[in-house]
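Start from the sequences, fold in the hints, and give me the full structure.
There are 2 protein chains.
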Amino acid sequence: MLGKMMAQQLTIGSAIDHAERYHAATEVVGIETNGTKTKSNWRSVAKRARQLGSALTKAGLNKGDRIATIAWNNLRHLEIYFGSSSAGYVCHTINPRLFPAQLEYIVTHAKDRILFVDETFAPIVANLADKLTVLDRIVIMAPKTDALAELLPRAEFYEDFIATGDSNFTWPNFEENHASSLCYTSGTTGNPKGVAYTHRSTILHSMALMAADAMAISAKESVLTVVPMFHVNAWGIPYAAAMSGCKLLLPGPKLDGESLLTLINEEQATFAAGVPTIWGGLLQALTANKPENLSLKRTVVGGAACPPSMMDTFRKGFGVEVIHAWGMTETSPLGVINQLKNAQLSLSEDEQNQIRVSQGRPPFGVQLRLLDDEGAEIKTGSGGTGILQIKGHWIVQRYFNAENDATEDGWFDTGDIAAMDQDGFITILDRSKDLIKSGGEWISSVELENIAIAHPEVMDAAAIAVPHPKWDERPIILVKLVEGASPSEADILSIYRDKIANWQIPDRAIFVDEIPRNATGKIVKNQLREKFGSVSLDP
Amino acid sequence: MLGKMMAQQLTIGSAIDHAERYHAATEVVGIETNGTKTKSNWRSVAKRARQLGSALTKAGLNKGDRIATIAWNNLRHLEIYFGSSSAGYVCHTINPRLFPAQLEYIVTHAKDRILFVDETFAPIVANLADKLTVLDRIVIMAPKTDALAELLPRAEFYEDFIATGDSNFTWPNFEENHASSLCYTSGTTGNPKGVAYTHRSTILHSMALMAADAMAISAKESVLTVVPMFHVNAWGIPYAAAMSGCKLLLPGPKLDGESLLTLINEEQATFAAGVPTIWGGLLQALTANKPENLSLKRTVVGGAACPPSMMDTFRKGFGVEVIHAWGMTETSPLGVINQLKNAQLSLSEDEQNQIRVSQGRPPFGVQLRLLDDEGAEIKTGSGGTGILQIKGHWIVQRYFNAENDATEDGWFDTGDIAAMDQDGFITILDRSKDLIKSGGEWISSVELENIAIAHPEVMDAAAIAVPHPKWDERPIILVKLVEGASPSEADILSIYRDKIANWQIPDRAIFVDEIPRNATGKIVKNQLREKFGSVSLDP
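Chains F and R, in that order, give the protein sequences.
Under the numbering used here, the residues of the first sequence are numbered 1 to 539, in order.
Under the numbering used here, the residues of the second sequence are numbered 1001 to 1539, in order.
These aren't lab readings, by the way, just hints derived from the structure by calculation.
It is possible that some hints are incorrect.
To be verified - Calculated pairs, BS3-like style, for lysine-lysine (alpha carbon to alpha carbon, straight line, at most 27 Å):
(1) F:254 to F:522
(2) F:297 to R:1037
(3) R:1379 to F:39
(4) R:1037 to R:1144
(5) R:1039 to F:316
(6) F:379 to R:1437
(7) F:39 to F:63
Next comes the structure, spelled out in structure tokens:
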């Protein structure tokens, strides 16, 4: 027996419509690439999104065609997010930090028809221009200048393009399982793979973000989206922002601590989301400026494990709650988020902080399981660790134009090694390929790195395995020091004493100038293994 | 182009599965009908729900068959909620305060196959037993006693029934648009009409409830559901509770202020939801007991407009935030909820309280419009008032076994007169049929009632229209006094001076012993109009 409720599709168009109807006057603030701050609001964002949707439609695109962006977090990027998806096209965000060959691969593989590019990245596109043959048009997201016109002769300019559209355009109707956006993983090996999100998966994911126990994005908040809009749709925050009608801050290109702190103070940001490396800069600015009455109350940290020392400093030094989260491009990204349960609120602060270090627990809509080496499910709360698999409304089934990647019984294999406690809190121990196996026991490279980074003389660190005739593998730690520091190798190794079991302590600490990281900030361990994989294990 | 995300159905089974997997140990506390407090948890609720689902299936029901309940908020009722819907049947909750003829009508119209009934209501069912011929079985939700067996000879007992099921039962797969539950409106006129919610509408509604800007139901909370489970699925809170994994308190039959306060204190309730009449009793208990460190922080009030005086006392006297909300059986019920916006947080407390008196603004998923007498849409923020229409994912399209009730262009007509400010906040002025029209201008009966109820000598009040040769209609106010009070009619009428325009002040105040209210606490104005509609307008 079917129910008798209204049949409506879950679409991104309905998200921006909601913001326009009930949050028209609420501010949306963007920093332009040239540093100018523009104060807009949801009324204007919605109107310009409709105008852009109309312009795209007049440009002769077909439903489902891909619209690429290479852009910072700014107002035009936001208009493209809503305008392209709501008009029936697929918003394909591209990470500008990719190697040129990867960028060419992605544009070609996605068969992008229009590319919107910020001024900053116009030179990258100019260098590749004759290889990006699939593109009908290139649109520069900046006012027209002679220099830009010369750099990219075939390009148009955003305001000219949008002017061809009608701001009274109404979104077409379509089914909620149509693709809304596309994002390629920037794996540390192999070609990038695309994840084609749907309108339905995006809206359900955004509703999950708005829950009090997830990001609690609401109209009460002034939300600073530091996580890039080219990185898993800025974790879905732009959609949740429209659906909740929050004040939204798009920080543009300058993500140094001082610039972020200025924006936080000026626009009274209450909530911010970003990766640990960016928060390191913000912490430095906070320490230097010691602002009174800091408006920022909460921050979600994801993308990489947040060193516990950083969580501590935010909380104790500045009253900012740090909420750990974990996800992947393939998971939209919300997989787990760390929010305490009612029964845990009566624990001591130390016990609570112990729980907060884990990545968190799944929201409704996501299921997790851990598999052991034989593929058997590990019982929740047994203390066992295993490969993390995930299932849910916003988890990828199959990569774009690729074979099925879910397991036979419908789970996505994350490639991460994790542990789950009896309350469903997950701790990500390592990528399965980065895990160090010594004497039959696993050692978490993430844990070794966290301990090193917590030391005031260590700027960055990476742990890798080195083959060993007796133990199979032994860990070493590669360390980038803060400027001016000069500890000895023994000094660094002594950090580990009493923090982990003796057999888990790295055999060596080796000083390096830089820890190589990929376009999304993940350590490229392949490179390190190549360079240091046969180093002597005797200090 | 379709996206490539996992295809999963939004089902109530997945809600209770989530609670079992990730919130197994979290407490669910129920007060039995005999007053005993039972401490259960989500593991046990889920297990027993599966066992019940299995027992129903073994009883030979067909998918979509209706399972009726006449019951308090208690653990067995919660098991029936999840067990019946997840197993593919329709959970039909019946309001025990209905007249016997209406109850018979509803059971027959719904073609209920099994009726689960609490001990308290067994006599009602016994009296009707030979008329409830559609029922295959009656199951009493209490331990077996000779008295009950004698009262209802054909009845079985809950624990015997559930014992026939298998707690390892797995939920069948079905499509999310299948009906999950059924609730009849207790209109003040005509036969009740049924609303058949779907799994999809229920889950989307619950996700909306969990948003920080709606009820913010989360695993941090200890949630007291005073709103009855026979009243629009307790506003959807049981589902949101499972999906968020909160601690859940089901108060059973005793809803007086002292009983509720005891439960709040014992189980450290942080959030409660209910109707104004119940909160009046709680306020009295709070005033009498003056508890220190009250755990209760927030309460959502709906079902009828909450008198501003009550909101004030909760906030200022006891630090409890009162959140106004509005909805109907036809709207699942969340239509609007009152949460301030970022820009409103810098207003003065008085200005904020002014906003808080309105019913609130729609969450994502709900759209509202106001129509004037000619059926034209009233512009948002114009200050105009009109008939409120509503549309959305959890709004009824058509009553159960009835003709289409949505408008031609797909909206549901609420029958309420409302105003909408420029920020999208709705104030419900009246039922359109209760509105008083004097000299061509509307007078809100709700406003006249609120002003009267705010007076310390007034217990309850109802405003109705009386025909008038010159002004068409004039308002009168019917007043039930608190015990021992003896104001004059002129005293009561003087309350209105300086609060509303002179022409809006009622012509008469008439003292009555009781204000008649229907099964859901709404004033039965028909009765009052019949009795007082031709009273003299000269005091």
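Which hints, by number, does the structure contradict? Structure breaks hints 2, 5, 6 and 7.
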